[in-house]
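Could you put together the complete structure from these sequences and hints?
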Amino acid sequence: MKRVFTAIFVLALAVLINTNLLRADQQDYLFRKGNDLYQKGEYEAAISAYGEILKMGYESPELYYN
1 MKRVFTAIFV LALAVLINTN LLRADQQDYL FRKGNDLYQK GEYEAAISAY GEILKMGYES
61 PELYYN
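Position one of the sequence shown corresponds to residue 1 (my numbering), numbered consecutively onward.
Calculated from the structure, these hints are not laboratory results.
Backbone N, C-alpha and C fix where the C-beta goes; we use that ideal spot for every residue, glycine too.
Every clue listed holds true.
Per label pair, the in silico range of CB-to-CB distance:
1. Gly-41 - Arg-3: 55 to 63 Å
2. Tyr-29 - Met-1: 37 to 45 Å
3. Leu-63 - Lys-40: 16 to 24 Å
4. Arg-3 - Tyr-64: 45 to 53 Å
5. Asp-28 - Lys-2: 37 to 45 Å
6. Gln-26 - Lys-2: 35 to 43 Å
7. Gly-51 - Arg-3: 43 to 51 Å
8. Thr-6 - Gln-26: 25 to 33 Å
9. Arg-3 - Asp-36: 43 to 51 Å
10. Thr-6 - Asn-35: 37 to 45 Å
11. Asp-25 - Tyr-65: 19 to 27 Å
12. Gly-57 - Arg-3: 34 to 42 Å
13. Ser-60 - Gln-39: 18 to 26 Å
Here it is in structure tokens:
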């Protein structure tokens with residue numbers, strides 16, 4: 001029985017870690033996309049990409065600078 005609880009705990013921990021990594025990857029992708037759009041002069045689209053990052057709850061000086 002102890003092994004079952006240990007296995008469930010390890011599995012739940014792995015899922016939580018994986019979810020956070022995927023979220024960080026998505027934030028990084030949107031940040032790079034926003035920067036690319038800004039460089040192309042597509043300012044409204046860049047603002048939208050940066051806004052999506054803010055909706056995820058991520059804040060940083062770099063994000064507000066752009």
